[in-house]
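**Q** These protein sequence lines map, in sequence, to chains A and B. Numbers given in our numbering equal positions in the first sequence, counted from 1, plus 150. Numbers given in our numbering equal positions in the second sequence, counted from 1, plus 150.
Heads up, some of the hints might be wrong.
Because identical chains cannot be distinguished in the list, a pair is counted as satisfied if it fits within a single copy or across any two copies.
Here are the simulated BS3-like pairs of lysine-lysine, each with C-alpha atoms no more than 27 angstroms apart in a straight line [what the hints assert, rightly or not]:
1) Lys410 <-> Lys243
2) Lys227 <-> Lys243
3) Lys345 <-> Lys360
4) Lys410 <-> Lys302
5) Lys243 <-> Lys257
6) Lys257 <-> Lys475
7) Lys345 <-> Lys302
8) Lys302 <-> Lys227
9) Lys257 <-> Lys473
10) Lys360 <-> Lys300
11) Lys345 <-> Lys227
Everything labelled a hint here was simulated from the structure, so no lab data went into it. Bear in mind that the values here come from a model prediction, so they are computed numbers and not experimental data.
2 protein chains.
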Amino acid sequence: MSEIFVGIDLGGTNVKIGCFDSQLNLTCKTAAPTEADMGPETVVDRIGRTTEELLADNGLSAEAIGAIGIGAPGPAKLDEGVIIASPNMPSFKNVPLRKMVSDRFGKPTVLENDANAACWGEYVLGAGKDVEDMVFFTLGTGIGGGVIVKGKLVHGFADNAAELGHIIIYPDGRECGCGQRGCVEAYASADSTAKRAAEAVQAGAQSSLKEVLHEKGQITCRDVYEHLAAGDELAKEITEQTAKALALVCINVLHTTEPKRIVFAGGMIAAGDVLLERIKHYFSEQIWSLKKEAVEIAFATLGEDAGIIGAAALAKHAKDEGKFK
Amino acid sequence: MSEIFVGIDLGGTNVKIGCFDSQLNLTCKTAAPTEADMGPETVVDRIGRTTEELLADNGLSAEAIGAIGIGAPGPAKLDEGVIIASPNMPSFKNVPLRKMVSDRFGKPTVLENDANAACWGEYVLGAGKDVEDMVFFTLGTGIGGGVIVKGKLVHGFADNAAELGHIIIYPDGRECGCGQRGCVEAYASADSTAKRAAEAVQAGAQSSLKEVLHEKGQITCRDVYEHLAAGDELAKEITEQTAKALALVCINVLHTTEPKRIVFAGGMIAAGDVLLERIKHYFSEQIWSLKKEAVEIAFATLGEDAGIIGAAALAKHAKDEGKFK
Numbered sequence: 151m152s153e154i155f156v157g158i159d160l161g162g163t164n165v166k167i168g169c170f171d172s173q174l175n176l177t178c179k180t181a182a183p184t185e186a187d188m189g190p191e192t193v194v195d196r197i198g199r200t201t202e203e204l205l206a207d208n209g210l211s212a213e214a215i216g217a218i219g220i221g222a223p224g225p226a227k228l229d230e231g232v233i234i235a236s237p238n239m240p241s242f243k244n245v246p247l248r249k250m251v252s253d254r255f256g257k258p259t260v261l262e263n264d265a266n267a268a269c270w271g272e273y274v275l276g277a278g279k280d281v282e283d284m285v286f287f288t289l290g291t292g293i294g295g296g297v298i299v300k301g302k303l304v305h306g307f308a309d310n311a312a313e314l315g316h317i318i319i320y321p322d323g324r325e326c327g328c329g330q331r332g333c334v335e336a337y338a339s340a341d342s343t344a345k346r347a348a349e350a351v352q353a354g355a356q357s358s359l360k361e362v363l364h365e366k367g368q369i370t371c372r373d374v375y376e377h378l379a380a381g382d383e384l385a386k387e388i389t390e391q392t393a394k395a396l397a398l399v400c401i402n403v404l405h406t407t408e409p410k411r412i413v414f415a416g417g418m419i420a421a422g423d424v425l426l427e428r429i430k431h432y433f434s435e436q437i438w439s440l441k442k443e444a445v446e447i448a449f450a451t452l453g454e455d456a457g458i459i460g461a462a463a464l465a466k467h468a469k470d471e472g473k474f475k
Numbered sequence: 151m152s153e154i155f156v157g158i159d160l161g162g163t164n165v166k167i168g169c170f171d172s173q174l175n176l177t178c179k180t181a182a183p184t185e186a187d188m189g190p191e192t193v194v195d196r197i198g199r200t201t202e203e204l205l206a207d208n209g210l211s212a213e214a215i216g217a218i219g220i221g222a223p224g225p226a227k228l229d230e231g232v233i234i235a236s237p238n239m240p241s242f243k244n245v246p247l248r249k250m251v252s253d254r255f256g257k258p259t260v261l262e263n264d265a266n267a268a269c270w271g272e273y274v275l276g277a278g279k280d281v282e283d284m285v286f287f288t289l290g291t292g293i294g295g296g297v298i299v300k301g302k303l304v305h306g307f308a309d310n311a312a313e314l315g316h317i318i319i320y321p322d323g324r325e326c327g328c329g330q331r332g333c334v335e336a337y338a339s340a341d342s343t344a345k346r347a348a349e350a351v352q353a354g355a356q357s358s359l360k361e362v363l364h365e366k367g368q369i370t371c372r373d374v375y376e377h378l379a380a381g382d383e384l385a386k387e388i389t390e391q392t393a394k395a396l397a398l399v400c401i402n403v404l405h406t407t408e409p410k411r412i413v414f415a416g417g418m419i420a421a422g423d424v425l426l427e428r429i430k431h432y433f434s435e436q437i438w439s440l441k442k443e444a445v446e447i448a449f450a451t452l453g454e455d456a457g458i459i460g461a462a463a464l465a466k467h468a469k470d471e472g473k474f475k
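Construct the complete structure from the given sequences, taking the supplied hints into account.
**A** Shown next as structure tokens:
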């Protein structure tokens, strides 16, 4: 019976579960609503049942599980496996999630921050698989991050490292949900990009996005990129600002840990090469010459599976390194 | 015969040399002009003779040297022990400095970037000795940096990590010597602080620094802090801007590697508590609440010896870890 590694990507809305063989090939996967308001015990029990069903449907046994990895929103005490709190799961306060999952399955379990887990997935099997030093940004509602130095995730002294969305790029700039001003998240997340477009339209900018706002009552990031592709000038300007903001934060992380590759993930990379090219343009324009050529900026390759892949890979890594003994 | 560790702090003007016992207590130290224009061979030979004289004057034998550490300006290939180039030592191009020093003494030698060596000194014996995760800034002509993650210096993929002076805090801002715009170095190094004061005086600002500029033809950072202490309003404004710039870069490194302590060193910390207090003020004002309390901002404690202490400590560390076998 060959060993299985389970990767769990716990989000505020859905929980994704994937089963992997010992080579980290995806065997099967599923998703279920998180329903975090039912409380942590119910959530963990659903994860247990859903995983068992998934395994049974695929002719696998829970006995074969070698280890389980969970990527979850934080802040968390990773060494203790405890979720301190989570804005999207208010019922999760000081929840010993690692122990609960481990007890539910009777299997060794690791807990990691969700963005770090996705970062690790891309590092092991995706856009970063051939480098040792990588920085990862996920561009969604907010901006999450991960930092890998010489093959290890950087956790920081209190497990809050790599909050890269809150690097300040424009002091005294736009308000961020975190309470700071001028964070890159306030400019270049998918939500902030869409919001800046809506603000410009409301302020009277000429744009084909005006009709979108009028008809739907809002503008999404996808709208911005569709109208960019159709040649809208405002969409172009908004994209330029997003790209410049992302280039600035690339320069800043580069001067800190000097990654060989900087990887962007999340819904916004659906915008495609036009966005990547503009990030590279502003990076090249603003960075000093010494570092211009050597650093690579790339888009993630694993899509939505990065979280489950990374969680399973962390579980396998911990087992391989003897962390569970 | 107890073991000696030699720490060498190679600068564009002077080379400092210190001898330490196996507990890293400073036994004796000296300094000599670098005279880099004489070429690397001559520089290394002078380092050799100066060290031998220092040891002899203190009744010690070069035979007792356990290992040698060198902190030198870069960029460098640290694994290979090669200085690629150095703006202040134009004759140093692709110089295998580690091998040259090791051959001169017949002793194992490590090469480190000068700011990293000073960072390591503060980490091991100075302001960071009780933490695992630290970030270090040295405020002098420019701004150098060091990043320590879980007890290890971060080197980056090409040994150019921790160029923290070139983190961009004000996009499209002041020109920096590196070719970028808006680097923290262009605002908050000792030189930039003095330069901003001189520019303000030249632009007509009322200040007691006006006489300094008139009499000496320039304003130094020390002048700014002396006039600050005497109550000059412009000196106060310049100091506020320096403190805000440093607070911003603290926030940005905090969100990247999450150090427990951020340590400032270099000539400018002679300004004392007034500067430290203002950095902490702006940090506290701009950082999100989650991280406000937990991070410590402090001044270095080893003064000018940090470089030789760090270099010697790195030599001992490498020996202890079996790196020379």
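**Q** Against each hint, give a clear statement of whether it holds in the structure.
**A** These are the hints, each one checked on the structure:
1. Lys410 <-> Lys243: Answer is between: at 24 angstroms across copies they meet the 27 angstroms cutoff, but 37 angstroms inside does not.
2. Lys227 <-> Lys243: within (12 angstroms within a copy, 47 angstroms between copies)
3. Lys345 <-> Lys360: within (13 angstroms within a copy, 48 angstroms between copies)
4. Lys410 <-> Lys302: For Lys410 and Lys302, both the intra-copy (14 angstroms) and inter-copy (18 angstroms) Cα distances are at most 27 angstroms.
5. Lys243 <-> Lys257: within (23 angstroms within a copy, 56 angstroms between copies)
6. Lys257 <-> Lys475: within (12 angstroms within a copy, 41 angstroms between copies)
7. Lys345 <-> Lys302: Neither. Shortest intra-copy (35 angstroms) and inter-copy (41 angstroms) distances fail the 27 angstroms Cα cut-off.
8. Lys302 <-> Lys227: both (17 angstroms within a copy, 21 angstroms between copies)
9. Lys257 <-> Lys473: Within one copy only: 13 angstroms inside a chain, 38 angstroms across chains, cut-off 27 angstroms.
10. Lys360 <-> Lys300: neither (47 angstroms within a copy, 51 angstroms between copies)
11. Lys345 <-> Lys227: Neither: 33 angstroms inside a copy, 45 angstroms across copies.
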